[in-house]
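Anchor point for the sequence shown: position 80 equals 95 in the numbering used here, and the numbering is continuous, going up by one each time.
These are calculated hints, taken from the structure and not from any lab test.
Take the hints with a grain of salt, since some may be wrong.
In silico DSS-like links for lysine-lysine, alpha-carbon gap of 25 angstroms or less [said to hold, decoys possible]:
id, residue 1, residue 2
1, LYS251, LYS111
2, LYS251, LYS26
3, LYS141, LYS111
4, LYS251, LYS238
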Amino acid sequence: MCSYSSVRPLKLSISPCPNDTFMFDAMINGRIDTEGLAFDVEYHDIEELNGGVMASLPDVSKISCAVLPIIADNYRLLSSGAALGRGNGPLLVRRKGEQGSINRIAVPGEHTTANALIGRLFPDIKERVPMLFSRIAEAVERGEFDAGVLIHEGRFVYERRNLELVADLGVEWERQTSLPLPLGAIVMRRELSQELYERVDRVLHRSIEYAFAHPAQSRDYIKAHAQELEDSVIDKHIALFVNDYSLNLGDEGRRAIQQLVGLKEF
Numbered sequence: 016m017c018s019y020s021s022v023r024p025l026k027l028s029i030s031p032c033p034n035d036t037f038m039f040d041a042m043i044n045g046r047i048d049t050e051g052l053a054f055d056v057e058y059h060d061i062e063e064l065n066g067g068v069m070a071s072l073p074d075v076s077k078i079s080c081a082v083l084p085i086i087a088d089n090y091r092l093l094s095s096g097a098a099l100g101r102g103n104g105p106l107l108v109r110r111k112g113e114q115g116s117i118n119r120i121a122v123p124g125e126h127t128t129a130n131a132l133i134g135r136l137f138p139d140i141k142e143r144v145p146m147l148f149s150r151i152a153e154a155v156e157r158g159e160f161d162a163g164v165l166i167h168e169g170r171f172v173y174e175r176r177n178l179e180l181v182a183d184l185g186v187e188w189e190r191q192t193s194l195p196l197p198l199g200a201i202v203m204r205r206e207l208s209q210e211l212y213e214r215v216d217r218v219l220h221r222s223i224e225y226a227f228a229h230p231a232q233s234r235d236y237i238k239a240h241a242q243e244l245e246d247s248v249i250d251k252h253i254a255l256f257v258n259d260y261s262l263n264l265g266d267e268g269r270r271a272i273q274q275l276v277g278l279k280e281f
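The task is simple: from the sequences and hints, build the whole structure.
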């Protein structure tokens with residue numbers, strides 16, 4: 016195990032989406048006791064985050080749960096910080112009034128949980144094209160794809176466009192498994208010490224507790240990074256993706272991840 020000096024900030028990579036910035040605000044912006052930890056923070060799209068951990072770049076990072084089998088030798092899962100729950104699934108949408116089969120769709124990255132769910136739930140859709148999540152709704156509306164998978168804030172505002180729902184992937188997952196849907200989680204490099212792992216997990220848990228207790232404190236920080244700036248959209252986003260599983264995965268949360276990725280330990 017590598018020792019850790021509090022002089023060196025931990026390299027932390029998260030998404031700019033409201034659920035992550037809400038959870039991490041207090042620890043990044045000094046609102047809580049970080050137990051001597053400091054963080055060098057980068058913000059990336061989820062597929063860029065997945066690529067970062069596959070290249071073993073950050074010390075701590077948000078990831079798609081679906082990428083766990085690829086990175087399990089180098090990273091371990093934190094108990095805190097997960098985006099996991101019920102009724103929180105990515106949405107498969109198409110242009111309003113479109114008929115016929117869906118053959119070519121846009122997905123928010125090859126290694127995302129959204130893409131893994133499409134492969135599992137809709138195996139007949141053969142062509143899945145990865146692209147930046149924030150561009151998918153517009154591309155589908157223009158007719159570049161038969162359909163697209165929306166995540167993050169996009170799932171709350173698609174009805175403002177000429178789009179309609181085909182399927183809620185979370186609903187389909189729950190129907191098949193009776194488990195909450197594990198979308199994302201936080202991982203940490205295995206070579207770092209057990210003591211540091213426990214400290215980071217403890218500080219993140221404290222940061223999320225603070226966010227729940229003081230929800231207005233993080234709003235400026237959230238808006239500085241969010242795609243959608245309306246308070247109502249931000250509130251819906253946080254309510255859907257930050258919950259008791261974010262504080263601690265627990266046995267059910269871990270079973271859900273096992274069901275998704277097929278790993279016994281992570």
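Verification of the supplied hints:
no. : hint               : verdict
1   : LYS251 with LYS111 : holds (24 angstroms)
2   : LYS251 with LYS26  : violated (29 angstroms)
3   : LYS141 with LYS111 : holds (22 angstroms)
4   : LYS251 with LYS238 : holds (14 angstroms)
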